[in-house]
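Chains A and B are the protein sequences, given in the same order.
Each step along the first sequence adds one to the number in the working numbering, with nothing skipped, and position 25 is 25.
Each step along the second sequence adds one to the number in the working numbering, with nothing skipped, and position 6 is 1006.
Everything labelled a hint here was simulated from the structure, so no lab data went into it.
The reader is advised that the hints may include incorrect statements.
[As the list claims (entries may be wrong)] Label pairs and their computed distance ranges (CB to CB):
hint: 1; chain 1: B; residue 1: L1005; chain 2: A; residue 2: G110; range: 53 to 59 Å
hint: 2; chain 1: B; residue 1: S1051; chain 2: A; residue 2: R108; range: 23 to 29 Å
hint: 3; chain 1: B; residue 1: S1051; chain 2: A; residue 2: G96; range: 58 to 64 Å
hint: 4; chain 1: A; residue 1: E51; chain 2: B; residue 2: E1036; range: 50 to 56 Å
hint: 5; chain 1: A; residue 1: E129; chain 2: B; residue 2: S1051; range: 38 to 44 Å
hint: 6; chain 1: B; residue 1: S1043; chain 2: A; residue 2: E84; range: 26 to 32 Å
Computed from a predicted model, the values in this text were never measured in an experiment.
Ideal Cβ positions, reconstructed from N, Cα and C, are used throughout, including at glycine.
The chain contents come next:
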Amino acid sequence: MTENPESREGRDLERVLADLRALSPDIRSCAVLTREGRLLGSSHPEGVDRERARAMLEALVGLVDEVARENGKERALQARVRTELGHVLLVRLEGGAVLAATTGLDARVGLALYDMRNARSEVERAAKEAA
Amino acid sequence: MRRVLGRVLLLGALAGVALALRRYLEREEGGEEVAEITFDDGSARVLAAGSAEGRELSEVARKLVELGL
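Next comes chain A alone, as it looks inside the complex (with noise of 0.2 Å):
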C-alpha cells in the first residue's frame, strides 16, 4: 500500500509541533496559519471549531499587523496577548505565516517563546511541505 505524500508531510508538521508541546509543557495547543490563511496542524478535526479558530487567529494576526503599521513598521515579529484565560503567543515564520500557541494563565510565556523560536526553522521546514 503506498502511503499518501500529503499526509506524510502532514504528519510531519503534527510532529514537530507536538515535540513543542513536548519541550514546552506551558504551551496547551498550537498551529501555524499560513499567508494565504490556511490552518496547519491544529488538534480540531475539520469541521466548525476548526474554522471557528482559523478564523479567529487570522484575525488576531491581523489586528497586530494592523498596529505593526500604525507604528511606521513592515509587520510584528512577535506577540503575546494577555487573557483572565491565558496567553496567545505568535510567532512569525518565514514567508509570513505564524506559529501560534495557547498557555494558561500561570505559563512562562518568555521561556515558551524562547522554545517556539527554536522551533521555528523545523516548523518553517515541515508547514512548507504540508502547505
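Fit chain B to the supplied structure of chain A, relying on the hints for placement.
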C-alpha cells in the same frame, strides 16, 4: 465662623485627595499591560488593557484560548 470655614476647607481638601486617588487608581487599572508586540526592526510596543487596541486584541485572544488551536 472661622471654625466652620476651616471645617469646610478641610472637607474640600479631603474630597480632592479622594478624587485624585480614585483617578490615579483608575489610571493604573487602565494601564495594565495586556499585549506586547515586537516588530521586524526589533522595537516593541506594549498595549494597555484600557486602550481600544488592547481590549480588541484581548477579546479575540480570550476566545482563542477558550477554544484552543
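Checking each numbered hint in turn, tell me which of them this model violates, lowest number first. 3, 4
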